[in-house]
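Dock chain E against the given chain S, drawing on the hints supplied.
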Amino acid sequence: MKKQLVSFFAVAGVALCCSAAPAAARDLTVVSWGGAYQDAQKEVYFGPFQKATGVKMTDEPWDGGVGALRARVQGGSATWDVVQVESEELAIGCEEGLFEKLDWSKIGGKDAYLPSAVNDCGVGAIVYNFVLAYDGDKLKNGPKSWADFFDTKKFPGKRALRQGPKTNLEIALIADGVKPQDVYKVLATDEGIERAFKKLDSIKSDLIFWKAGAQPPQLLASGEVVMTSVYNGRIAAANEKDHKNFQVVWDGSLFTVDSWVILKGTPNLADAYKFLDYVGKAEVQKALPTKIAYGVTNKKAGDLIDPAILANLPTAPKNMANVEKVDDAFWLENLDRLTERFNKWAAK
Amino acid sequence: MSTLGGASAPPADLVLSGGHIPLKTKLRRAERMRKITAFGLVAPLLFFVMLTFVIPIGAMLWRSIDDTEFRHVMPHTVAVLADWKGTELPGEDAYRALATDLAAARDAGTAILVARRLNYDVNGLRSVIMTASRKADGSAENIKDSMIALDPRWGQIETWGAMKRARGPLTSFYLLSSLDMTRDATGSIHATPSDHAIYVDVLIRTFRISLTVTLLCLALAFPVAYLMSTQPPKVANILMILVLLPFWTSLLVRTAAWVVLLQNEGIVNNLLIWLGVIEKPLRLIYNSIGVHVAMTHVLLPFMILPLYSTMKAIKPHYMRAASSLGAPPAVAFVRVYLPQCLPGIAAGCLLVFILAIGYYITPALVGGAADQMLSYFIAFFVTDSVNWGMASALGAVLLGTTLALYAVYNRLVGGSGIKMG
Numbered sequence: 037m038k039k040q041l042v043s044f045f046a047v048a049g050v051a052l053c054c055s056a057a058p059a060a061a062r063d064l065t066v067v068s069w070g071g072a073y074q075d076a077q078k079e080v081y082f083g084p085f086q087k088a089t090g091v092k093m094t095d096e097p098w099d100g101g102v103g104a105l106r107a108r109v110q111g112g113s114a115t116w117d118v119v120q121v122e123s124e125e126l127a128i129g130c131e132e133g134l135f136e137k138l139d140w141s142k143i144g145g146k147d148a149y150l151p152s153a154v155n156d157c158g159v160g161a162i163v164y165n166f167v168l169a170y171d172g173d174k175l176k177n178g179p180k181s182w183a184d185f186f187d188t189k190k191f192p193g194k195r196a197l198r199q200g201p202k203t204n205l206e207i208a209l210i211a212d213g214v215k216p217q218d219v220y221k222v223l224a225t226d227e228g229i230e231r232a233f234k235k236l237d238s239i240k241s242d243l244i245f246w247k248a249g250a251q252p253p254q255l256l257a258s259g260e261v262v263m264t265s266v267y268n269g270r271i272a273a274a275n276e277k278d279h280k281n282f283q284v285v286w287d288g289s290l291f292t293v294d295s296w297v298i299l300k301g302t303p304n305l306a307d308a309y310k311f312l313d314y315v316g317k318a319e320v321q322k323a324l325p326t327k328i329a330y331g332v333t334n335k336k337a338g339d340l341i342d343p344a345i346l347a348n349l350p351t352a353p354k355n356m357a358n359v360e361k362v363d364d365a366f367w368l369e370n371l372d373r374l375t376e377r378f379n380k381w382a383a384k
Numbered sequence: 029m030s031t032l033g034g035a036s037a038p039p040a041d042l043v044l045s046g047g048h049i050p051l052k053t054k055l056r057r058a059e060r061m062r063k064i065t066a067f068g069l070v071a072p073l074l075f076f077v078m079l080t081f082v083i084p085i086g087a088m089l090w091r092s093i094d095d096t097e098f099r100h101v102m103p104h105t106v107a108v109l110a111d112w113k114g115t116e117l118p119g120e121d122a123y124r125a126l127a128t129d130l131a132a133a134r135d136a137g138t139a140i141l142v143a144r145r146l147n148y149d150v151n152g153l154r155s156v157i158m159t160a161s162r163k164a165d166g167s168a169e170n171i172k173d174s175m176i177a178l179d180p181r182w183g184q185i186e187t188w189g190a191m192k193r194a195r196g197p198l199t200s201f202y203l204l205s206s207l208d209m210t211r212d213a214t215g216s217i218h219a220t221p222s223d224h225a226i227y228v229d230v231l232i233r234t235f236r237i238s239l240t241v242t243l244l245c246l247a248l249a250f251p252v253a254y255l256m257s258t259q260p261p262k263v264a265n266i267l268m269i270l271v272l273l274p275f276w277t278s279l280l281v282r283t284a285a286w287v288v289l290l291q292n293e294g295i296v297n298n299l300l301i302w303l304g305v306i307e308k309p310l311r312l313i314y315n316s317i318g319v320h321v322a323m324t325h326v327l328l329p330f331m332i333l334p335l336y337s338t339m340k341a342i343k344p345h346y347m348r349a350a351s352s353l354g355a356p357p358a359v360a361f362v363r364v365y366l367p368q369c370l371p372g373i374a375a376g377c378l379l380v381f382i383l384a385i386g387y388y389i390t391p392a393l394v395g396g397a398a399d400q401m402l403s404y405f406i407a408f409f410v411t412d413s414v415n416w417g418m419a420s421a422l423g424a425v426l427l428g429t430t431l432a433l434y435a436v437y438n439r440l441v442g443g444s445g446i447k448m449g
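From first to last, the protein sequence lines are chains S and E. Add 36 to a position in the first sequence, counting from 1, and you land on the number used in this note's numbering. Add 28 to a position in the second sequence, counting from 1, and you land on the number used in this note's numbering.
Everything labelled a hint here was simulated from the structure, so no lab data went into it. Computed from a predicted model, the values in this text were never measured in an experiment. Just to be clear, a hint being listed does not mean it is correct.
[Claimed, not checked] With a Cα cut of at most 25 Å, we get these calculated DSS-like pairs of lysine-lysine:
no.	chain 1	residue 1	chain 2	residue 2
1	S	Lys190	E	Lys308
2	S	Lys194	E	Lys163
3	E	Lys308	S	Lys174
4	E	Lys163	S	Lys137
5	E	Lys308	S	Lys176
6	S	Lys189	E	Lys308
Chain S with its partners taken away, still in its complex shape (with noise of 0.2 Å):
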């Protein structure tokens, strides 16, 4: 017994002193989201890559969080390098250093990408949108705009938001004639969150409000809700899937923009700019678009889409005229207290 424990331990120590030593060895490990998504990203990005630079990576799921980020940093032995995230993890991380600055010289400069898309600390990966959307075989003459969500006369039924006062707010503020880019502006005042309410509590007794991103489809499905505020490529997913007829509102509505960025420390670090390069240029990122509704940050990639598919894209021209990016640094500051608030409405 004692002598297996002692062989034991040998072998442990062993495989301790020799995991530590060659980190730098280790492939570039690239971190997504997983699901349909990194399937659609390892069959346009990964796999390429490694064939036209001939730098060896892995990939590997991960489920967001910017606790799972800091402690693999901080706690000194990371083995991610490049890993996606989304803006609020972007803005967090960055401001706590746990991101490498980016040298934008070597992935295509700043020009190359939407201005939305350009960060201190990460480069725009994937834009989608949180949009207005209703069943086009039961309404066919359809909402045009928020402000027909909360016209409870010319379209009666119910409609869903999300649970919680995020995207909410500023919903109700389009819909009451704020234009989207100045939102946060009159968010930002105590009057306009009093605006923002009134609008809410006008439509109050018709609200249903959802908290997984798979329920709008599933509402609007079943006819529980006759509009709903969603994320758009849920809407495009039931389309393609579930053969339904779900119809988009552009115009107003909110985007995000989700980013890659190199962990802070990494041994691949010329590694992990060469593939930020690879999957910045238009005519990699141009086929993503073709696996999975989300729009893609170069600017020149629009021009190589098919015009067919740009038209269901967050990133069209004409689906980006009227929109604003849901802005982080402001929830980052009122997400506690609005959501007191809004649940104190909820439960008047």
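Showing chain E alone in chain S's frame:
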């Protein structure tokens, strides 16, 4: 008799066994060995419970009062705040200490910790701190005026009040907030402004829903358990499988099934319309009806099983004896049968109630915005706003109230009255 026996028996420690060791000592040794063996057998479980239960809960409770982030990053400011009364703005020295700390925090990359902590207390301070730390210079002149010029919030007592509350090392901030209370800059406690005071209401709602669900479960489970306990084994087994089948299905699946059943064009509404009972679909989901129905269904087996095992043990001839002594069925039931079920009822109610107060995903999926229970807010603070202090404090409040209720319950039912089967 006893005096006789006592007088004739020799003192115990004088009884010598073969090896000349007093019997009492030998007994004590054997006893000790038995205790050590028993402890050895229990030790793995004890260790497991410590590791997975006591320590995490202790750490969770600790987080609700622990507050050292600000203190570590801002030592000079904390020193100044110790003497500050909170009635008027502090002087130039305090602003100098603040600027010195902020400059050091900027260089160490720790300003965000301070910004995050103060933003929990006063929304909006996050960017105020980050901006100030970028420009902070502890050796400049007229720091007070220049900081107030930079952002008027530096001229507000409330900003200093927030720093005072965050100075640690222990804080009552999170616990007070989760009871809808707050401390002002001078340290006296007030009620939270009514726009934001939600947690007491949510706590009451949590207990109200849990209690209703418990009573509904009891009402539904009692006849089922009674039926099962009186049927021959063959039938009882089939019934038992029917009870257990949903028990083995995922909670999410069962919740989703209720969505299909209860929605506007769902099975229940369509059936009622077809039968002509109603004309327009009833609102059965995304409100408190949905929450009660789904939770009752999910928790029902936890009531049936302890009830069944208690009823199974009640011998049928007690009831026969009662009726042969002249008690009508109703009286026999209330005075003979029911009292014998009480341990099962007590155990089932306790089990269902305690499970119900922690419910999160079912109300989130089938409830409305006004039906969310306390766990929803705990999850919100853990995942959405990453405010562990608030999450822990709400957890502590839930744990504390539950323990208090349990103590009351124990008094009423009596500790020995609970039987898990």
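Results for each hint:
1. Lys190/S with Lys308/E: holds, 20 Å
2. Lys194/S with Lys163/E: violated, 50 Å
3. Lys308/E with Lys174/S: Given pair Lys308/E, Lys174/S holds - Cα atoms ~18 Å apart, limit 25 Å.
4. Lys163/E with Lys137/S: holds, 20 Å
5. Lys308/E with Lys176/S: Satisfied, since the Cα-Cα distance of roughly 23 Å is no more than 25 Å.
6. Lys189/S with Lys308/E: holds, 18 Å
In terms of the numbered hints stated before, the structure departs from hint 2 and from no other.
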